[in-house]
Structure formats: C-alpha cells, structure tokens
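Colleague: Chains as they are written, first to last, in our numbering: chain A, 33 to 364; chain B, 4 to 615.
Derived from the structure by calculation, the hints contain no laboratory data.
Predicted model only: the values in this text are computed from it and were never measured.
Hints should not be assumed to be uniformly reliable.
[What the hints assert, rightly or not] The following residues of chain B were derived to be distant from chain A, with all beta-carbon distances above 10 Å:
#1 E149
#2 R190
#3 P432
#4 R537
#5 I559
#6 A589
[Unchecked claim] In silico DMTMM-like pairs for lysine to aspartate or glutamate, Cα to Cα no more than 25 Å straight-line:
#7 A:K344 with B:E283
#8 A:K209 with A:D184
#9 A:K344 with B:D258
#10 A:K162 with B:E283
#11 A:K65 with A:D120
#12 A:K174 with A:E239
#13 A:K162 with B:E325
#14 A:K344 with B:D429
#15 A:K343 with B:D421
#16 A:K162 with B:E472
#17 A:K36 with A:D118
#18 A:K343 with B:E283
#19 A:K40 with B:D429
#20 B:K553 with B:E503
#21 A:K343 with B:D429
#22 A:K344 with B:D421
#23 A:K343 with B:E386
#24 B:K564 with B:E492
#25 A:K344 with B:E236
#26 B:K606 with B:D563
#27 A:K344 with B:E503
#28 A:K343 with B:E608
Cβ coordinates follow ideal geometry from the N, Cα and C atoms, glycine included.
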Amino acid sequence: MSDKLTPKDFATAQEVRWCPGCGDYAILKSVTKALADVGARPESTVFVSGIGCASRFPYYVETYGFHTIHGRAPAIATGLKLANPDLDVWVVTGDGDGLSIGANHLMHTLRRNVGLKILLFNNEIYGLTKGQYSPTSRIGTKSPSSPKGSFDTPVSPGQFALGSGAKFFARGIDTDKVGMGHVLQQAHAFQGTALVEIFQNCIVYNEDVFASFTDRKDAANTQLHLRHGEPMLFGDNKGLSFNQDTWSLEVIDAKQSPDDVLVHDEGNAILARLLVDLHLPVAMGVIYRQPAQSYENAFYAHHPSRMQRTKKTRDFIQGPSSWFVGDKTGES
Amino acid sequence: MSRNKDVDSVVVRLAGDSGDGIQLMGSQFAVSTALSGADFATFPDYPAEIRAPVGTTFGVSAYQINLGGGPITTAGDAPDVLVAFNPAALKVSLPLLHRGALLIINNDSFTPRNLAKAGYDADPRDNGILNDFQVVDADISHLNLEAVREFGLSKSEGSRCKNFYALGILLWMFDRELAPVESWIRRRLADNATLRDANIKALHAGHAYGETAELAASLSQIQLPSATPEPGEYRSITGAEALALGIAAAGELADRSVLFCSYPITPASPLLHRLSRLGELGVGTFQAEDEIAAICAAIGASYGGMIGVTSSSGPGIALKTEAMGLAVSAELPLVIVNWQRGGPSTGLPTKTEQSDLYQAVYGRNADTPLPVVSASTSGECFEMAIEAVRIALRHMTPVILLVDGYLSNAAEPWRIPDLSGFASIDINPLPESGSDPQEQAFSRDPASHGRPWITPGMPGLMHRIGGLEKDINTGHISYDPANHQQMTEMRAAKVASVAEFIPDQQVELGPDRGDLLIVSWGSSYGPVYQAAQRTNASFLHLRHLNPLPKNLAEVISRFDKVLVPEMNSGQLVTLLRDKLCVQPIALSKVSGQPFLIRELVEKIESIRGEAS
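So here's chain A without its partners, still in its complex pose (with noise of 0.2 Å):
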C-alpha cells in the first residue's frame, strides 16, 4: 500500500472521445490528480455515470466504471453505496441528464445524503443530442430546437441542490487547476453527498457561455474563491457586505469598510443561497457544508446486523403459529 499512485495511474488506455478543446479533458485530469493526492485506491473507487458527453467519463479513469442510462446514475450509484459502504463512488452527470431526466433522482439523492460525490458537468446545452437548449440555458439561448431563442426559465443548480436539503454544494471551473483541485479533494472528504456544479465550456454548441468570469485576464474581479472563515475578498480590494436594507449580498470596498466585509461560514444556509445567486463576482469553493450522517450510515445502523445474516430463514418460516398434520416429530 506504501506505493503511491500519480494521475497516471488512473488513466485508462482507452482513446479519449471528446471534442478537441472541450473542457471535459481539463476536468478528467483534475479529477485524476485529485485522487492520486488524497491516496485513493483504484479497486474501491467507483464512476458511475448516466447518458451525455460527460457520462462516457468512466472509460476514461482507470477504477471501476459503470456507464448507466439517461439520469440515473444517482440512484444506481445509491444501491451500489449501500451493498457496499466502503467504496469510493463518483457520479458524473451534466445539466441535461442531473436536471432534468434525472432530477427527481438527484433531489432524492441529496435530501437523503447518501455518500456520493457527484459531479455536475454544466454546460448550459446538450452536446450529445446536438446542441438543444438545456433546463440550465439562458433564456434566449438560439439551438436547434429554440431558433428564436428559448423562453423557458432556467434552473439555478445551487438553488435546487441547497432546496433539496443538499448538505455540501460547491463550485469550480473546468480548467481551473487550483480551484478544482480544491473542491475535489474537500468533495471526497464529505461523509455524505456532495454536488461539485463544473462551470465546463463545450466549444461546439455552446462555446464561451461562461467567458464573463472564466476569462483568466479579469479573473481576479469576477470570481470569488471562498474559504471557511475567511473574509469575502476578491479583486482590487473589493469585498462582499450584506445589505440589511435589501437582505442582498453587494459589493463594497474593502478598503473603507474592512468590518462591513462578510466572513465566510460553509454552514450557514442563508448565507449560502445568496452566494448561489451571486452573478458578479461568481461563488467559487465550497459554498454549502453541514456536516449530517450519511444516509448508508444511517442504513446500517438501523439495521439489526448491519446487514449480516445472523438468523436462518429456518428461524422465520413458520410465523406466527403452525401446526402439525401427522407424526410431530417427523418432517416426513
């Protein structure tokens, strides 16, 4: 066990079928080399994925990988964690397949708290299918499907996670090294489920969806990279207050008023869904976290015997009274 394991070793030899430049890549090698650095071991970590262009993820990670069907990777992924607690499960989904087939999915996975990371691959579109608008496009978003553009309102995934009781919501950015590096490893931490939302780019349907706070060169003023118990600062001495009059988060100049300036704090819920909201700069880091017992905990603890046969099926089968036709002592 001494051996330690790099990303390299949880490559697949299997040839990468992405788009080239889709931000796909940059993830796989985030996720790579988060589970090199937190020691993960390849025979008990699990990718289960649904249908989309992230779903073909497990091909490419060099563990044990299950490609399910459309949405439902979560709810396979939830009797995979209680046949077997001690593994390391991963669900890969995107806006399409974790939003709007699978979302009941989803909500339920959250609410229970089952231990799974899963990790929303949001696009905005749906690439596999040829770019229709997805439930996470803009309104006006031109597709093939929306030529005038789309009317439907948008889901927010940060408002639904932390609606559906979600004990640990976080955010990154696909080619964000530092930051996904971040979110993954505090992702594998969580005894419970835990939503990574990757802001990923798909350069063919919906290419630079995102570029308003990606853009490396303005990254500084349009980010805010949280850290619990640190102050809300970002950019040019600017710093997040909360507006009493508004019950809004807004930006203030750190520099004038460093005391207005918020504090982070992972487990306060309120606090959390202005975050989500937060369009300029956008919430990156763990937003959201309340540590709560796992939903295969909880299983097992109300079980009897922790789900080992401690009776024989001899021991039930005669209910609640039997009689004897014939010799009693005879079975015949």
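Take the given structure of chain A and dock chain B to it, following the hints.
Modeller: Showing chain B alone in chain A's frame:
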C-alpha cells in the same frame, strides 16, 4: 343451478364496507380453520379506495374462503354462506350464491338510506328475492354495541368491534376454537387494554349469540371432515409472505445479502412490508423515490455484490423496462417481481389478472430477451423466488417472476419446506488467468453464457461496464456490425440455455396422451386442476414461461386439442403459437376475478361435444 359437487367443502363469503374490517375477519377465520385441520383457499376481493363511500356497492370489500377436507385448490365458485354487513354487500354478493345458501344479514344496516345507497327500491328482506335462501337476520351492530357497552368506548370505536362479533358467530357455526383468535387479539392490541378486552368480549358475545339463537339448526351441513394432507408441519401463508421468505432463503442458499428496492404500489407493497422485517436474514429494504429508482438501486446493489431485487405491478414494471435493458446489456443478476393486476393504465389496481405475459416476454426495446417464471399458488411463491434468483446468478441476467396480483394477500395452508432439500445457489467462479480485466469480466461460461460476478472492491480486476454494445471477446465498447449480430445471438442463446437447467414438463393430471390437454399458468392452477379432475381431462401447468421447458412441444404433440384458460385475452396462446407452432383453443377471462370451476368444466364439455 346445481349445487357444488364438492360436498366436502363449504364456501364462505364475508362482505361489508371497506372500513368494516372484513379482510381482518377473513384472515382470522382462515387461521382458525387451518388450526382445526381443514384445508382452505382464500380470495380477498377489495375496492381500490381505502375507505370508499360507506354503504355503496363499489365500496364493498369481500373475503371468500373455501374450506373442507382437501385438497382445496380454489377459493370456490359459489358461496354456501354469506355474511353481509350491509345492503350493498348483499346486492353485490347475491348473484354469486348457490340457491339455498345461508345468509347472515346485519339487520341494523338495512335502513332506508343504506337501501337507497345500495340501489334497492324495496327492502330485499321483504320483497321475496331472498325466498330461495336461508336467512338469518341478526341485529349485529346493535348486539355488538350492547356487548361492549361496559368498556365506555365511543360509538365508532365500539362499532369497530362488530367484525369480531360476527366472527364469533361464524366460529360457533363451524365449531372452531376461540382461543387462537383471542390470543391473536391479545398480541395485536397488547398496548390498548380497553380495545383488546372489548374485541375479545365481542368475539365471545357473537359466539354466545350463535349458541343461544340455535343457528346450528340450519347449519348441520357445516360439519366438515378434516383434510388429510401430506404429513408435516403446516402454516397459513400469503403470497407476499412466501415470496419474502423465498427471497431471504435464496440469499441464504447463495450466501449473499439481499437488497430489495421498491416503490409502493398495489398489490405489490405487502412484499416490501414483509421483507422490511427480515433484516436478521441479511435482507435490506430501500424504499425508492419512484419505480425507476427502485430498479436502478437494485441494479446498483447487484453491481456491488448483493442480490438486487425489485417488485411492482404492471404500470410500475412499464417504468422499469429501460433499466431492465441495462441489466441485460451489462449482464448483471436481478429479480423483478410483477404482481399482475388488471389494466390498461391504472386499470383495476385491486383486481387480479394474468395480462402482463406479453410485457414480460416481449415488452422491451430492441432484442432484449430475459427469463420469465411464474408462481401458481401463494405457497409456491417461495420456491419460485428461489428459482428466479438461481437463474439470475447462474446466467447473470435479470429474471421476471410473474405472480397473479391477488395471491399477494390470499392465504392457504402451506407445508413448511425443509431448506436442506434445496441445492445451494452457486456463484460463477472468478477467472483464474491474469489477462485484461475487461476481458475477464466478460468471459462467459459456455453452457450458461453467465459471466463471473466481479464486483468493485476486488483488487486488480477494475473494468468498465455499461449499456453500450460490447465486443463479444474483450468487453470493450464496440459498434462493429458483425459483433452486434454475435452479441444479439449470444443474448438469445443465454436465455434459451435456461431450458437446459430446468426440469422436463410433466403432465400433472390424466393420461399423457389423448384428445384434450389443458395448459395453464399462474393462479389458474387451482380451478383448472379441479376442472380437469372432474372431467378426466389431462392437465399440465407451466412455471417456466421463457424459455418454455424443452420437452413441451413433444408433450403437446401427443394430444389432439389443447385448451389454454387464462385471465387475459389469450397471451399464453400467442406465446405457444409463436414458440411451438401449435394452435391452442383460448378460454379467456378478464373480469378481475379468478376462473370458476364450472366455467372451465362447461368449456371442456363443449370442446368434447364438438369433437363427438
């Protein structure tokens, strides 16, 4: 109408409002019957609504039990005794009765309002329609309230004891012991002494009423001989109880834990309830958010090394079909139990049918075959659950177990099996060689086409599975046309190979060649058996529906005609025509009620009449 020829048996029907406690009263009567040594079969017949409007015909809940010196294989055709708690119950049940049957009527409920709700223009007690019956009209509501008055219950609480009052009357009529029912009440109401004592008092008061009113005078025919079944230890069991025990026993035989994942649906839920109490047998239950999550979690459990089982009824099974395809493609073991009810759509949730055979055998996208088995009786759910798990693990495939919905709650005496008589369920061995794990994971046994059950956590065997087509040798994704042809043929061969492992089909009754063979499946076993016996027709009953037993074509070829009675519009007829190129005669019944013996006898006689 002629009387039931089964002079050794009596059919009793209890009917009232769905809030009257009819099902409870029926099941307690069944248990006391069993303890007296008589054989029995029951048919719970209840409305879809939990508490349908009081006094209406569509709110009538009924429980029918056929008892006597065995073998009793059906809940009986026409009741000999009817207990009717209200006019609606009388109205619904009257057409079913034998002329001369005994009616026990709760007089108090025959108010103008209740008569109107039942759709009676005139009081049936006065207008002559009951002239052909023996009527005992007792003021059951009133007498019961008097009996429990001392306990100071509210009127509604007191009224709820009346099912035990009526049960007391029945137990007296049939010369049954009160003690087993009394001890059941003591257990059930252990933490409510007042209700417990009131119900016991009602039971005794009803019993005393029967004696005082000398009801026996009209009931001398109810002295039943004891059944003389095979020696052994017996209990009363419902289909849900037997299936739950069968699943647990299968886990024991395979030495694996079981994860049962299910979403509540009528009439499948009793299985979830039963299994949730079997934790000590290594059984876990997961109540999922929907039908799809239920089967998917079961697939996840199987992927993780537990035996994944899910259960539902037709509409829920429809939702699970995409995931069944995944289990077929990924070659994972899984058992799907379908408690069949009437359809289409929501249909008849509480009424029984056998109309999901097409769905089970053919109902998936693409060429996606899987094995299908079925249970004939409540007790047989035990062994068919074991059989389904055995097939799933040997061939690494999902298996559908079809059960007719009413068996879920239908009780029968069951000879408790000796588990040492069941062979252990072997898990396919892990590959020995050190080749590519992806290849090892899909190295199939040449006879069963089952692959090894490699599960996450096993070092050095990491591989990827999924719903995309795989190379037949390497297990890697493959879109190669020739490979897909081979894989499709392999999946068909895998299911077909199940036939190599199952017993030959036997002719259960009658000569093994001749003019007429009756072929049935599912819960029709009972009435078909009886009808075949009375007409000296040959009879065989199928438990394996896909694949069919290997020798079935040869057995059928020895008969001039084949009759297939089934509770659908002819689905087994189609299946036999498809698989065996035979042309059976169909007798279909889709009324939500099981076959009556006389319907079958009439059909058999008419077929023979045509021939002669």
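Colleague: All hints, please: hold or fail.
Modeller: Results for each hint:
1. Residue placement check: E149 (chain B) keeps its beta carbon more than 10 Å from all beta carbons of chain A (closest about 31 Å).
2. A Cβ of chain A approaches the Cβ of R190 (chain B) within 10 Å, the least distance being about 8 Å, so the stated non-interface status is violated.
3. For P432 (chain B), the condition that its CB be more than 10 Å from all CB atoms of chain A holds, with the nearest at approximately 19 Å.
4. Listed as a non-interface residue, R537 (chain B) keeps its Cβ farther than 10 Å from every Cβ of chain A; the least gap is roughly 25 Å.
5. Once the 10 Å rule is applied to beta carbons, I559 (chain B) is consistent with being away from chain A; the minimum gap is 34 Å.
6. With a least beta-carbon separation of about 37 Å from chain A, A589 (chain B) lies farther than 10 Å from that chain, consistent with its non-interface assignment.
7. At most 25 Å may separate the alpha-carbon atoms for a hinted pair to count; K344 (chain A) and E283 (chain B) meet this at roughly 8 Å.
8. Proposed proximity of K209 (chain A) and D184 (chain A) is contradicted: the alpha carbons are some 33 Å apart, above 25 Å.
9. This hinted pair checks out: K344 (chain A) and D258 (chain B) have alpha carbons roughly 11 Å apart, not beyond 25 Å.
10. Straight-line distance between C-alpha atoms of K162 (chain A) and E283 (chain B) comes to about 51 Å, which puts the hinted pair past the 25 Å bound.
11. Taking the CA atoms of K65 (chain A) and D120 (chain A), the gap is near 16 Å; set against the 25 Å cutoff, the hint holds.
12. Distance hint between K174 (chain A) and E239 (chain A) is fulfilled; the C-alpha atoms sit about 12 Å from each other, no more than 25 Å.
13. At most 25 Å may separate the alpha-carbon atoms for a hinted pair to count; K162 (chain A) and E325 (chain B) meet this at roughly 23 Å.
14. As the CA atoms of K344 (chain A) and D429 (chain B) are separated by approximately 18 Å, the hinted pair is consistent with the 25 Å bound.
15. A C-alpha spacing of about 16 Å is found between K343 (chain A) and D421 (chain B), which places the hinted pair at or below 25 Å, so the restraint holds.
16. Taking the CA atoms of K162 (chain A) and E472 (chain B), the gap is about 21 Å. The hint holds against a cut of 25 Å.
17. Taking the CA atoms of K36 (chain A) and D118 (chain A), the gap is near 20 Å; set against the 25 Å cutoff, the hint holds.
18. A hinted pair counts as satisfied when its Cα atoms are at most 25 Å apart, and K343 (chain A) with E283 (chain B) qualifies at roughly 6 Å.
19. For the given pair, K40 (chain A) sits about 38 Å from D429 (chain B) by alpha-carbon distance, which is inconsistent with the 25 Å threshold.
20. Taking the CA atoms of K553 (chain B) and E503 (chain B), the gap is about 7 Å. The hint holds against a cut of 25 Å.
21. In summary, the hint linking K343 (chain A) to D429 (chain B) is supported, as the alpha carbons are separated by about 21 Å, within the 25 Å threshold.
22. With a C-alpha separation of about 12 Å, the suggested pair K344 (chain A) and D421 (chain B) falls inside the 25 Å cut-off, and the hint holds.
23. A hinted pair counts as satisfied when its Cα atoms are at most 25 Å apart, and K343 (chain A) with E386 (chain B) qualifies at roughly 20 Å.
24. Between K564 (chain B) and E492 (chain B), the direct Cα distance comes to roughly 34 Å. Violation of the 25 Å bound is thereby established for this hinted pair.
25. Between K344 (chain A) and E236 (chain B), the direct Cα distance comes to roughly 17 Å. Compliance with the 25 Å bound is thereby established for this hinted pair.
26. At most 25 Å may separate the alpha-carbon atoms for a hinted pair to count; K606 (chain B) and D563 (chain B) meet this at roughly 16 Å.
27. Simply put, K344 (chain A) and E503 (chain B) have alpha-carbon atoms about 31 Å apart, too far for the 25 Å limit, and the pair is violated.
28. Taking the CA atoms of K343 (chain A) and E608 (chain B), the gap is near 52 Å; set against the 25 Å cutoff, the hint is violated.
The structure does not agree with the numbered hints 2, 8, 10, 19, 24, 27 and 28 stated previously, though it agrees with the rest.
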